[in-house]
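**Q** Turn these sequences into a full structure, and let the hints steer you where they fit.
Protein chains: 2
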Amino acid sequence: MDIVIGIDIGGTTVRVGAITSEGELLAWRKAPIEAARGPQAGLEKISGLIQEVLQDDDVAITTKPVSLLGVGIGCTGPVDPVRGVINNPYTLPTWENVPIWAWLEDRFSVPVTLENDADTAALGEYWIGAGRGVKKLYAITVGTGIGTALIVDGRIYRGLDGAHPEGGHQVIDPSGPSCYCGQNGCWEILASGTAITQMGREMVSSLSEPIKESSLEGIQDVSKEFADSPLLKMNQDQIDTRKIAELAHQGDDLASKIMQKAVDYFCLGLANIIVLFTPDMIVFSGGVMENVDLYMPAVEETIRKLDGIVPAERIQIRQAQLGSYAGLYGAAYTILKKVSS
Amino acid sequence: MDIVIGIDIGGTTVRVGAITSEGELLAWRKAPIEAARGPQAGLEKISGLIQEVLQDDDVAITTKPVSLLGVGIGCTGPVDPVRGVINNPYTLPTWENVPIWAWLEDRFSVPVTLENDADTAALGEYWIGAGRGVKKLYAITVGTGIGTALIVDGRIYRGLDGAHPEGGHQVIDPSGPSCYCGQNGCWEILASGTAITQMGREMVSSLSEPIKESSLEGIQDVSKEFADSPLLKMNQDQIDTRKIAELAHQGDDLASKIMQKAVDYFCLGLANIIVLFTPDMIVFSGGVMENVDLYMPAVEETIRKLDGIVPAERIQIRQAQLGSYAGLYGAAYTILKKVSS
Numbered sequence: 001m002d003i004v005i006g007i008d009i010g011g012t013t014v015r016v017g018a019i020t021s022e023g024e025l026l027a028w029r030k031a032p033i034e035a036a037r038g039p040q041a042g043l044e045k046i047s048g049l050i051q052e053v054l055q056d057d058d059v060a061i062t063t064k065p066v067s068l069l070g071v072g073i074g075c076t077g078p079v080d081p082v083r084g085v086i087n088n089p090y091t092l093p094t095w096e097n098v099p100i101w102a103w104l105e106d107r108f109s110v111p112v113t114l115e116n117d118a119d120t121a122a123l124g125e126y127w128i129g130a131g132r133g134v135k136k137l138y139a140i141t142v143g144t145g146i147g148t149a150l151i152v153d154g155r156i157y158r159g160l161d162g163a164h165p166e167g168g169h170q171v172i173d174p175s176g177p178s179c180y181c182g183q184n185g186c187w188e189i190l191a192s193g194t195a196i197t198q199m200g201r202e203m204v205s206s207l208s209e210p211i212k213e214s215s216l217e218g219i220q221d222v223s224k225e226f227a228d229s230p231l232l233k234m235n236q237d238q239i240d241t242r243k244i245a246e247l248a249h250q251g252d253d254l255a256s257k258i259m260q261k262a263v264d265y266f267c268l269g270l271a272n273i274i275v276l277f278t279p280d281m282i283v284f285s286g287g288v289m290e291n292v293d294l295y296m297p298a299v300e301e302t303i304r305k306l307d308g309i310v311p312a313e314r315i316q317i318r319q320a321q322l323g324s325y326a327g328l329y330g331a332a333y334t335i336l337k338k339v340s341s
Numbered sequence: 001m002d003i004v005i006g007i008d009i010g011g012t013t014v015r016v017g018a019i020t021s022e023g024e025l026l027a028w029r030k031a032p033i034e035a036a037r038g039p040q041a042g043l044e045k046i047s048g049l050i051q052e053v054l055q056d057d058d059v060a061i062t063t064k065p066v067s068l069l070g071v072g073i074g075c076t077g078p079v080d081p082v083r084g085v086i087n088n089p090y091t092l093p094t095w096e097n098v099p100i101w102a103w104l105e106d107r108f109s110v111p112v113t114l115e116n117d118a119d120t121a122a123l124g125e126y127w128i129g130a131g132r133g134v135k136k137l138y139a140i141t142v143g144t145g146i147g148t149a150l151i152v153d154g155r156i157y158r159g160l161d162g163a164h165p166e167g168g169h170q171v172i173d174p175s176g177p178s179c180y181c182g183q184n185g186c187w188e189i190l191a192s193g194t195a196i197t198q199m200g201r202e203m204v205s206s207l208s209e210p211i212k213e214s215s216l217e218g219i220q221d222v223s224k225e226f227a228d229s230p231l232l233k234m235n236q237d238q239i240d241t242r243k244i245a246e247l248a249h250q251g252d253d254l255a256s257k258i259m260q261k262a263v264d265y266f267c268l269g270l271a272n273i274i275v276l277f278t279p280d281m282i283v284f285s286g287g288v289m290e291n292v293d294l295y296m297p298a299v300e301e302t303i304r305k306l307d308g309i310v311p312a313e314r315i316q317i318r319q320a321q322l323g324s325y326a327g328l329y330g331a332a333y334t335i336l337k338k339v340s341s
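From first to last, the protein sequence lines stand for chains V and C.
Read in order, the letters of the first sequence are residues 1 to 341 in this note's numbering.
Read in order, the letters of the second sequence are residues 1 to 341 in this note's numbering.
Accuracy of the hints is not assured; some may be wrong.
Which copy is meant is left open, so a pair is good if it fits within one copy or across any two.
Using 27 angstroms as the maximum straight-line C-alpha spacing, the simulated DSSO-like pairs for lysine-lysine come out as follows [stated by the list, open to error]: (1) Lys243 to Lys224; (2) Lys135 to Lys305; (3) Lys261 to Lys243; (4) Lys30 to Lys338.
The set of hints was computed from the structure by calculation and includes no laboratory data.
On a predicted model such as this, the values are computed, not experimentally measured, just so you know.
**A** Rendered as C-alpha cells:
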C-alpha cells in the first residue's frame with residue numbers, strides 16, 4: 001500500500017506520521033524539536049522519526065511492502081515553499097536558510113514538499129476534516145499568534161513568489177498596541193492567545209492598584225463589581241488565556257469581560273476576512289478556539305450585520321476537526337497532489 | 001474580423017465599445033443611463049448604442065464583414081454574474097432583478113457575460129493595461145466609494161455563489177464614523193472621495209466656528225496656521241475632493257492636512273490588502289487616484305514597514321492605464337475567455 005509521511009514542525013514540537021493515500025493515519029511520533037541545538041541535529045532527529053514511523057508495526061503489517069510516495073512538511077513560517085527552504089530563526093532559533101527539502105530528498109530518495117504550517121493545517125481540514133471538498137476554504141488559527149490560510153479548490157493560495165500572506169497582521173484598530181510586525185493594533189496583537197493573557201494581566205493589575213483620588217468613584221464601582229473574581233487573587237504569571245477562558249465558562253464577570261474584549265477584536269478581523277474573501281467556509285482552529293462557544297454569539301452577530309454587503313449568512317462557520325493532527329494530513333496531501341499532477 | 005462589444009454601466013453613464021480580439025477599441029459611444037426611467041428603457045438604449053457602434057465607419061470599414069463574438073457587460077454592483085442579473089436599486093434606481101444577460105442574448109443571439117464593474121476594470125488592466133499578464137493582480141478603485149478586485153491568472157476571484165467581495169468595507173478604524181454597510185470606520189467611509197469631501201467640510205466648519213473659551217489657546221493657534229487657506233472662504237458645497245486635492249498640490253496647508261488624513265487612512269487599508277493577499281501587483285484607479293503623487297510617499301513608507309512580514313517591497317505598485325475605458329476592455333475580455341474556453 002502507498003504511504004505518505006506527513007511532518008509538522010512547530011516552535012516546540014515536531015510531529016511525524018505515516019498516512020495512507022486514503023487519509024488514514026497509521027502511526028505517528030512526536031518529539032521536542034530543540035531548534036537551538038541547530039538544524040543538523042533537528043534534521044537527523046526528523047529522519048530518525050520517519051524511520052521509526054515506517055517501521056511501526058501498524059505501518060509494516062498493514063501496508064507491507066511499504067511504498068513510500070513522498071515526505072510532506074508543514075513548518076512554522078517563514079518558509080520558502082518554492083525552493084524548499086526553512087528560514088525561521090524567530091521561532092526556530094538558528095534555523096536560517098535550512099534546505100530541508102533537498103536534505104530529505106537526498107536521504108529518502110522520494111519527492112518532498114515544504115509549506116507554511118497554517119497552509120498544511122487548512123489543507124488537512126480540506127482533505128479529511130471540517131472542510132472536505134469546500135471550494136473556497138478560509139482557515140483561522142488562534143493560538144500564541146493568529147495564522148490564516150486560504151485553500152481554493154484544494155490548492156493553497158500563495159502570494160508573490162510563493163509568499164504566505166499573514167492575515168494575522170491586518171490592522172483592526174490603529175490605536176492599539178504596537179506589534180513586532182511594525183504596525184499598531186493588528187489582529188494578532190489584539191486577539192491572539194498572547195493578547196488575551198496580556199489583557200488579563202493588565203486588567204487585573206489596574207484593578208489591584210491603589211485607588212487614585214482623582215477618579216475615586218468610578219474605580220471603586222468597577223473594583224466592587226469584580227471583587228469576587230479569583231483572578232484578583234492570582235499572581236501575574238498564573239493568569240493566562242486558559243485560566244481566563246476557564247473562569248469565563250464558570251461565569252466569572254471579570255474573566256468574561258476580558259474574553260468579551262478579545263472576542264470583539266476577533267470579530268473585527270473576522271468581518272474583514274468576510275468582506276475581503278467571502279469564502280464558502282471559515283474554519284476555526286488553535287488552542288484559543290477550543291473556547292469557540294464564547295465566540296459564537298458575537299460571530300453570529302457579525303455575520304448578520306454583514307449580510308447586506310456580501311452573502312455572509314451563507315458562509316459556513318466550522319470548528320476544525322483534526323486538532324493537532326491537521327498539519328500531518330495536510331502535509332501528506334501536498335505529496336499526493338504532487339505525485340498525481 | 002472578430003469583434004466583441006464591451007459595455008460599462010455606471011450609476012450615471014453607460015459606455016459601449018467595439019473591440020477587436022487583439023484589444024483594439026475601434027468605436028465607442030456613451031450616454032446617460034437614466035436608470036430611474038426603468039430597466040426596459042435602459043435596455044433599449046443599450047441595444048441602440050450597440051447597433052450604433054457596430055455600424056460605426058471605423059468598425060464597418062476595418063472589419064467587414066463584422067463577426068460579433070459576444071457582448072460583455074461590467075455593471076455597478078450588486079450583480080449576479082452566475083445568472084446574469086443586475087440587482088442594484090441603490091445606484092441604478094428601479095433596476096431590481098434585471099435579467100440583462102437573457103435579454104441581450106435574445107436580442108443579438110450571441111454569448112453575453114455580466115460582471116461587477118470593479119472586476120471588469122481590473123480585467124481590462126490585466127489584458128491590455130498596467131497589469132498585462134500579471135499572475136496576481138489586485139485593483140483598488142478610489143472614487144465616490146472604494147472598489148476592489150482580485151485577478152488570478154486572468155480570472156476574477158469570486159466569493160461564494162459568485163459573490164463579489166467588498167474590500168472597500170474592511171474596517172480600518174472601529175472608532176470611525178458609521179457606514180451604510182452596518183460597520184463603523186470601514187475603508188470607504190474614511191478614505192473614499194466622499195470621505196475626503198466630508199472631512200474637508202467638517203474641518204473647515206470647525207475652524208470657522210466661534211472659538212470656545214475653554215480651549216482658546218489651541219484653537220487660535222490652529223486657526224492662525226490655516227488662516228490663508230482659500231478653503232476657509234468657500235461655501236460648504238464648493239468644497240469637494242477635486243478642490244481639496246488641487247489646493248494640496250498648490251501647497252495649501254489646510255488642504256494638505258485634509259489630504260494627508262485621507263492618505264493615512266488609505267494606507268491602513270492598503271497595508272491590510274498587502275498582508276492578506278500579497279499580490280504581485282496593485283493597480284490604483286478612480287478619480288481620486290489621479291492625485292496619486294499625493295499618496296506615493298505614504299504608500300512607499302507603508303510598504304517599507306511591511307517588508308519584514310511579507311515580501312511587500314517586491315509588490316509592483318502601478319497607476320491604471322486605461323482610465324474610464326478599462327471596464328470596456330475587461331468586459332470584452334470576459335467574452336474572449338468565454339468563447340475560447
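**Q** Take the hints in turn and mark each one as holding or not.
**A** Hint check:
1. Lys243 to Lys224: within (21 angstroms within a copy, 55 angstroms between copies)
2. Lys135 to Lys305: Within one copy only: 24 angstroms inside, 34 angstroms across.
3. Lys261 to Lys243: Within one copy only: 16 angstroms inside a chain, 41 angstroms across chains, cut-off 27 angstroms.
4. Lys30 to Lys338: within (25 angstroms within a copy, 50 angstroms between copies)
Of the hints listed earlier, there is not a single one the structure fails to meet.
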